[in-house]
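Input sequences plus hints: build the corresponding full structure.
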Amino acid sequence: MDVWSSLMDGFATALTPMNFLYAVIGVILGTAVGVLPGLGPAMTVALLLPVTYALEPTSAFIMFAGIYYGGMYGGSTTSILLNTPGESSSVVTAIEGNKMAKAGRAAQALATAAIGSFVAGTIGTALLAVCAPIVVKFAVSLGAPSYFAIMVLALLAVTAVLGSSRLRGFASLGLGLAIGLVGMDSVTGQRRLTFGQPLLADGLDIVVVAVAIFAVGEALWVAAHLRRTPLHAIPVGQPWMGKSDWKRSWKPWLRGTAFGFPFGALPAGGAEIPTFLSYVTEKRLSKHPEEFGKGAIEGVAGPEAANNAAAAGTLTPMLALGLPTNATAAVMLAAFTSYGIQPGPQLFTSEGPLVWALIASLFIGNLLLLIINLPLAPMWAKLLQLPRPYLYAGILFFATLGAYSVNLQAFDLVILLVLGALGFMMRRFGLPVLPLILGVILGPRIEGQLRKTLQLSAGDPAGLFGEPIAVVIYVIIALILLWPFAYKLIRRNRPAAAPAAGASALATEPDDTVHSNHDAVYSDHKERP
Amino acid sequence: MTSLTTGLKGRSELGVALLLGAAGVVVFLDANGLVTPYSKSDPVGPKTVPFIVAGMLVVCAVLLAINVLRGGKGEAEGGEDVDLDHPADWKTILPLAGAFIANILLIDWAGWVISGTVLFWGSVLALGSRRYIRDGLISVALSLLTFYGFYLGLGIALPAGLLEGIL
Amino acid sequence: MTVVVGYVPTPEGEAALTQAITEARKNNSTLVLINSSKGEAAVDNRFAPEGEIQDIEQRLASQGIQYLIKRPVRGHDAAAEVLDAAEEHKADLIVIGLRRRTPVGKLIMGSTSQRILLEADCPVLAVKAS
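Residue numbers (the numbering used here), protein chains in the order written: chain A, 803 to 1331; chain B, 21 to 187; chain C, 479 to 608.
Take the hints with a grain of salt, since some may be wrong.
Unchecked claim - Taking lysine-lysine and the DSSO-like style, the derived pairs with C-alpha atoms no more than 27 Å apart in a straight line are:
no., chain 1, residue 1, chain 2, residue 2
1, B, K93, B, K111
2, A, K1096, A, K1085
3, A, K1085, A, K1045
4, C, K504, C, K548
5, C, K548, B, K111
6, A, K1290, B, K93
7, A, K1049, A, K1089
8, A, K1184, A, K904
9, A, K1254, B, K67
10, C, K548, A, K904
Since the hints were made in silico from the structure, they are not lab data.
The structure is reproduced here in structure tokens:
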């Protein structure tokens, strides 16, 4: 089944009235959640997990995908109008976007953000549709040893590379793995960490964990530190752009997409790096560098495109390998599990129609988002005036409702409270949340692969290195783990080398060489017709 | 004595290290209690991964404690609506937790409609809203709506509790 | 002598402030400016941005007026804050801005203005935007 026909079938499914409705609901919810401070797409999908039990998986995922993309669009609206970006990926947009808004160009900023997001999202989704099957083809040939190695790599990459403190990342991962251990061992049936409680025998429901960590923990944390002084939203009419704005935006859009997608697809990528790279690149390449810092449209166009392309990119390993690289993808993976769908390379074969319908609905969702965000931006901005007590009380209310409805057990609510308190504590002490949820989701799977590997090799640890891919990955893992130590060693050796004559000369030279190089470049350009 | 306590006060993060260490010990002890005859089809056994996890937790606990004592600090998470200049607002959190716990206690015997109302109303009050009557009405409406909505739309029957015959 | 003015960053608020300045200069009074917010929502466009407040301070200082700017955010509505301030500072005059309303709007007059007019102990001067 080639990509084109699968995609067309996907469109047919995604465009049924029911699924289209869910797409609309998803994008509206996603935008609202992206605009509202204190909420996010991960939390929303987590809150909706219990509700979606009654839905067809396809419809549910179409809605989730809409929420995911919608969150990006909504987030940029807030960062432009308020200068308090929600997600770290919107930080860069806020730099130039808010300055543009303050200078009275909010409409243009919003327009370039929305259209750029659309362009990037569409191209990104197209790349997803093309790349995912390729990755799957490659992944299906992998055996348990390699798959185990890849999962370990993904876990390590998220823990050790993202976030400011690797130590706390590992601590968080440890906790997540421990939570994942609760329940019955899949192979021997023995109970682990149940402390004699029969209710824990089935393990902690991933839905309850996700809701507790993302919704309850977040709500409690924000409630504890609610910003009391209200902010001022810059009033704006309908977004639109003039001709010169278009001219200045289209290349940043494309460059941003090029930055965003690969980084989103890498396990250690995320959206912060590509948006930053895009900003720096646009500043270098801009014909109006002096505008940067005061409201340069390229500074909004590029990063926004990078943002959305990264979001599409993240879905590639999520769908093709079952490896989530950000919080929302992790929660969506939890959704797969709760439907009994095994994520991983076989997803494309076992649930092909669902996956392609999902991808098709991403295209539809992008278009819908452009339509609802461009003319309706002022309306979305009004959402910011919603009184926050209702907002956070609502989160706790629906979190409780959702967690309870999973098993109709009050015990789950106790777990919700305990884990919610854990989520609070983690946010207070800077333990990143993503490694924990990954530990809970991937832990059992990693253990399964490990046991399978050693089972195949009849207990011989060399079995872990049985496949060449596995060995390569272990080398990469070793590099990632040892890099900071190596860096420190290099640093320590450098001061010893500095006094050497050549080094100090080099240290003072750069400025002159840079200047003359620059002039040479410029003069070249001038001479060419 | 005083210098010790003041020194410790700023190091509340040590509590995290303590938690990690305790978790590691618990995981270890629990896994230790498992009975595992060696089997060819499962050489790894159900104990191995728990041991690894326990080891990881204890190592992290120790390293974290060292890091904190040396002056390291975990960065509290920021956000759009978050103002980190002030310490945690316990006057808000404790009532919120209270409303939550009340719901847990009430839900099975008093029913969702009542417990949900208490939860929402309590939460809104804890968060500072002062429109008591309006909030109360909204709470009841929400609980009723979700009660019927979940039953009719999703087939999930939330407990009716005390209002058994009426609903 | 004290003049309390309820300020919002709108033409009406501006008009009220201008009038309040005139009144304050008449008797060399202290001008107390109240710009409050309930603080419930993340965004409140009636809460003046920091820059605007600084501009106002400069304006008042350059006109030689003794002033006090208060920006309470404690969950009370604007009328309550203005009335509180009037009581606390023993105001001789309250100045507020009034919006021109449509016929229907006139039926439901702004509750803030209404409350202040009805509950104030001192004279209230209601000003429309110029």
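Hint by hint, here is what the structure shows:
no., hint, in the structure
1, K93/B x K111/B, "holds (25 Å)"
2, K1096/A x K1085/A, "holds (12 Å)"
3, K1085/A x K1045/A, "holds (20 Å)"
4, K504/C x K548/C, "holds (22 Å)"
5, K548/C x K111/B, "holds (25 Å)"
6, K1290/A x K93/B, "holds (20 Å)"
7, K1049/A x K1089/A, "holds (12 Å)"
8, K1184/A x K904/A, "holds (18 Å)"
9, K1254/A x K67/B, "holds (15 Å)"
10, K548/C x K904/A, "holds (25 Å)"
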